[in-house]
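Visitor: Here the protein sequences come in this chain order: P and S. Residue 15 in my numbering sits at position 15 of the first sequence, with consecutive numbering throughout. Residue 213 in my numbering sits at position 213 of the second sequence, with consecutive numbering throughout.
In case anyone wonders, no lab produced these hints; they're calculated from the structure. Backbone N, C-alpha and C fix where the C-beta goes; we use that ideal spot for every residue, glycine too. Do not take every clue at face value.
Claimed, not checked - Just a sample of chain P residues kept apart from chain S, beta carbon distances all over 10 Å, derived:
id : residue
1  : Met5
2  : Ala15
3  : Val29
4  : Ile71
5  : Trp111
6  : Ala148
Unchecked claim - One-sided and incomplete, this derived list gives chain S residues near chain P with beta-carbon spacing under 10 Å:
id : residue
7  : Leu86
8  : Ala98
9  : Val100
10 : Ile163
11 : Gly193
12 : Asp194
13 : Trp238
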Amino acid sequence: MTPQMIFLMFFGGAAVWFGIVVFRTLSMVRSALALLFSQTAVGVMFLLMQAEFLGVLQIMMMATEMSVMAIFMVMFMMDPGGMGAMDMTHQKRLSLWAGGIGFVAALAVIWLADWGPANLQIPDATEQTAELGRELLGRSMFIFESAALMILTAMVAATMVAIHPSEGRKR
Amino acid sequence: MTVLIVLVALAVGAYLVAVLESWAVHGRLEPARPAISALALLGRESLLARTPDRLFFEAGPVVLLLAGLLAVAVIPLAPGLIVTDLATGALFLNAALAYVLVALIMAGWGPNGAYAMIGGWRFLGQFVAYAMLIVMPITAVAMRAESLSTVDIVTSQSTLWNIAYQPLGFVLFVAAAMGLCWLPPLDLPTARGDLAGGIEAEYTGARLAVLRLARMVLIMALAGATVTFYLGGWLGPWLPAWAWSAIKILFVAGLMVSVGRLVPRVREAQYLEISWKLGIPLALANIFLVGVITLVVPI
């Protein structure tokens, strides 16, 4: 067992543990940041598997996304600090079934899929970044551009919904 | 060995910048002041607020310090004098600095105090204003260097520093960097006067000392990033490479901690408005211009 595998197992375990913490705490901010650290652990796993760009990107993006999620949870939840000990879980039976089926499906894919031989010739980080750039601006360009346009549309729409219609007329 | 040299340089630099900051605030040059106030903080009782989120309260300053140190790790001080020359260095810097936000939210939420909490969430709004203006100018810098490695970015400026090549990006980046270090006039999360210290309000003693130290490290990291991206890093005539890095970083850090105090504090809404309606279009124009220059004029 190489040190790489040991660290991979450690951070994999950390990702799962923080994922569990998300549901074990009553504080919305703790819950959001636990999810962040779970995702950060996944980012470190990318780094360990020598996918440097993806790892760094994951670690960077999640910090901001989960922080924004935290403030929304604080705004919308009735007991954001968890000090009132309110139970905010619901539909437990459905969630358990959905989670269980998802878990079994993921295991089935892992065991049954033909992954092919492992790639031993890993390009160095500079080459990986360059290849990712070619992929994003070549074959996958249409997908990413259309996704970007959809997100922009959603942003504009969300802002329009958030602005109260009478505010414009006051002036 | 490199790590040790960088840490010592960082400690000395942070101390000098603290002296400069106290000069800018109090108008008197007192070289011993940071040491005295650090000792005073360490000697004081470190109070704990009632029913705090203890984990976040303790972790906030430490996470902030770690984020600053990780950002410093990719800043080259001389050829070979860099903790780790990552192929994605410029992106890694952003990743490390993203945790400044997480640390301040923790520090704001942890003590269970109104002023601290408002300070923490205010920084989230501030982040929405400055984030794009950190990333977009770096994109233009990386375009010229054709690399995300900070060492390659410095060597790409051997003929012409980026401050002359893309002055617009430089101005935007420094302004955004000041927002990231919550330096005046963008000191909204602490905001003496209207938030009574904000995120610093509930911290006392050793914990406050760590928080202040972390902010100094952050200022040094951002000054180092500015020098690396725009002022040619270690490049310069006559003096050795490390001396040029030291002079430039101290100069930029000194400017960052002093100049902003001449302007009144910017309101959160104003800051967001300026950043999104003026800053981002300018940053996009900068990327476009640099792209055209890079393709047309080989400098």
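Visitor: Taking the closest Cβ pair, is Val100(S) under 10 Å from chain P?
Guide: Given a least distance of 9 Å, the restraint on Val100(S) holds.
Visitor: Given Asp194(S) as an interface hint, is the shortest Cβ-Cβ distance to chain P below 10 Å?
Guide: Asp194(S) check fails; min Cβ-Cβ to chain P is 20 Å, beyond 10 Å.
Visitor: Against chain P, with CB atoms and a cut of 10 Å, does the hint on Leu86(S) hold up?
Guide: Interface hint status for Leu86(S): holds (7 Å vs cutoff 10 Å).
Visitor: Should the label of Val29(P) as a non-interface residue stand, given a Cβ cut-off of 10 Å to chain S?
Guide: Incorrect as stated: the minimum Cβ-Cβ distance to chain S is 5 Å, not above 10 Å.
Visitor: If we take the beta carbon of Met5(P), is the closest beta carbon in chain S still more than 10 Å away?
Guide: holds, 22 Å
Visitor: Grab the minimum C-beta distance from Trp238(S) to chain P and call the hint holds if it beats 10 Å, violated otherwise.
Guide: violated, 33 Å
Visitor: Would you check whether Gly193(S) satisfies its interface hint, that is, whether its CB is within less than 10 Å of any CB in chain P?
Guide: violated, 24 Å
Visitor: Confirm or reject the statement that Ala148(P) sits farther than 10 Å, beta carbon to beta carbon, from all of chain S.
Guide: holds, 14 Å
Visitor: Are Ala98(S) and chain P close enough, Cβ to Cβ, to be under 10 Å, as the hint says?
Guide: holds, 4 Å
Visitor: Once the closest CB in chain S is found, is it more than 10 Å from Ala15(P)?
Guide: Check passes; 17 Å lies beyond 10 Å.
Visitor: Is the hint on Ile163(S) kept, meaning its closest Cβ partner in chain P is under 10 Å away?
Guide: Ile163(S) check fails; min Cβ-Cβ to chain P is 26 Å, beyond 10 Å.
Visitor: Just want to verify: Trp111(P) was marked as not at the interface with chain S; is every Cβ pair farther apart than 10 Å?
Guide: Check passes; 33 Å lies beyond 10 Å.
Checked against the numbered hints above, the structure violates hints 3, 4, 10, 11, 12, 13; every other hint is satisfied.
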